[in-house]
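Student: Residue-level listing of the chains:
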Amino acid sequence: MTYSSTLAMGRQQSLSRGATQSSSLSRGANSVSFKVTDKRLGPISNTIVLIVLACLLGLLYLTQVTKTNAYGYQINGLQHQQSKLQQQHEDLAVASARLQSMDRVSSSAQAADMSQTTPSGSVQ
Amino acid sequence: MNQQPAPTTVNPVQRVRVWYALILLVFGLFAVRLFYLQIIRYDYYKQAARSDQLKQYTVAAERGVITAHLGESTVPIVMNQKLYTLYADPTIVKHPEEVAAKLQSLIGGNTDDYTALLKTKDTRYVILKKRLSEDQSNKIVALKSPGIGTEEQDYRTYPQGTLAAQLLGFVDNDGKGEYGVEQALNTRLQGTPGQLKAVTDINGVPLAASPNNISTPPVPGDNVNLTIDVGLQSNLEKILKAEQEQHKSKDVSAIIMDVHSGAIKAMANYPTYDPANYQQVDDASLFQNDSVATPIEPGSITKLFTTATALQKGAITPTSSFYDPGSWTVDGAKISDVEEDHSTGQQTVLSTLDKSLNTGAFWMLKQIGGGDVNSQARNTLYDYFTKHFGLGQATGVEQGYEAGGYVPKPADNGAAINLTYGEMSFGQAYTATALQMISGFSSLVNGGTYYQPYLIDQYKSADGKVTTVAPKAERSGVISKQVSDEMVSLLEQNNANHIREGFRYLDFGPNYVVGGKTGTAEIADPAGGYYVNKNNGTYVGFVGGDNPQYAIVVYNMEPSHYAGFAGAATGQSVFGNIAHMVVNDFGVTPKRR
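These protein sequence lines are chains V and W, in that order. If you read the first sequence in the numbering used here, its first letter stands for residue 2, the second for the next number, and so on. If you read the second sequence in the numbering used here, its first letter stands for residue -2, the second for the next number, and so on.
Cross-link-like lysine-lysine pairs, in silico, DSSO-like; alpha carbons within 27 Å at most:
(1) W:194 <-> V:68
(2) W:127 <-> V:85
(3) W:194 <-> V:85
(4) V:85 <-> W:136
If you are wondering where the hints come from, they were derived from the structure by calculation, not from laboratory data. What you are looking at is a predicted structure, and each value in this text was computed from that prediction instead of being measured.
Next comes chain V alone, as it looks inside the complex:
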């Protein structure tokens, strides 16, 4: 059965129900009836829904990947910062070691003010 024939049958059924209702309508009777009809999504709707769902899933995936990759940039930035701080630390350690070197200490102003002593004797 084709899609158009299904629609035609539906319309016919609906018309025949209307005729029955008008013929049996009497005073005081309810003119509105509620009847559950069997409604199903057609193939187009199904396809559209599927496409929308797929798009949503894709979007979800993309947002997650983008978010993760954004963390990657953040990690990269932090790693750069860490290496920069490490480098500063190393530079300071080198500067500190240089300031305490034997040559520097012995040629410092404090060392120049010291006077040379000769041991007066051996430890007893």
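Using the hints provided, position chain W relative to the given structure of chain V.
Tutor: Okay, now just chain W, sitting in the frame of chain V:
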């Protein structure tokens, strides 16, 4: 009459169908092409895309730091520093003169040199300057000058300047340790490089979401702590510099060693070099640590080993005496002393050491052979020199290019082997390094244990694990305790004699035990024989309190004006200066009894 062709009527439906067909054909072609690219060539293009997106980096491991003792504390003597290299692509630089002037204003140097480099033809990479600071690098980058850039590079830096340069070695541009500790421990110091394999964006920033990312962090090299004391080393270097400048020696080497462990407390040579600027050194021999890499004929300090061998074998006693004929003849050659006319007569073991009698050492060798220089004498001397005292044998100390030396085999080779061994008994005809001499000497005065000399006190790995190097008693019973005590006594008496003879600087008072022996070594002439007016002055001795604590060896190469008595004039005086420095400043424990 010409018949007009009937006008062709094209059915619009057919036309549309033709267009449909054409479009379908085009789409069909697309589909086929896409099928080919995506299905058939799938692996190829996947690989190509991967190789484009997936970047692989080697992450250099940080090289281990080298520290040394300074009294009770430790201080770094070799560290790492990130510096920058300024480079240019001359094909891109447009106005070299202008760029050179700007660079000169930021980093100094010569504008003309920069201009010449920036105009270099047929190259896309020239190095303009190395070792720029981060600040300088930032200023250059801020210029945004096309074709000019800087790149980061790890360098070794030496906060103590040239201190212990030849002992330390340096790291070349490829990151490989050369000479000294850097070479010997290169594998341990360099660590293991890491790897980063990651899908990156166009700027090379790794994308965290890729499942193909592989990150192996680098393992930094071990830090090493040396046995040397920075203060001791610094003072030793000053003494050697003064000595070399005073006597215009070719070079001077000295080592201070703990006789009870083999730990090297200081080891220096002069002239030396600046390891931070090793590229500027023209004479590569300056890189050598002569104390371990240059064996020489050590001269009369060898008589101590001959004496110890003879005492140990029971061939002589410390009080033995003999008649010195003034010279001995062996294999048709005459063995005599430097002072050819020294008087003949009765001599003792002590006077042999005091006057440094070659004839006395030869007499001891004869006693070892039972009264003659023979295979027994040769085999015994060879065995003791090489297997007991380690002379002429590489020690395995943590130094690059350590040399062995040469000790002739004792078998009769028909080439005047007895004469060779006669000369060996007083320090010629064989070679040994200063380190071998001091290691063997330590075993003579410490009770008879040969310790392998070592320079590394501790290793500290990246995970914080500290491994302390224990002294390695390679051979015990090299000589007996009794013979060792006898040697200490003989050396002490020898020192006392020298003080009486006028060498007052050898007087350390009653609270310290000091002893030693001079050596004046002849230098082999490559053309044959020995040089007439060139000698090496050597000395080996000890200082201590109740017992010898430190051994000191001096190799003074070719000091001017002292041919014939270089040992006493230059080796002994350097020993005296070093010994006083050690006693005064570095905690030699005085006598308690």
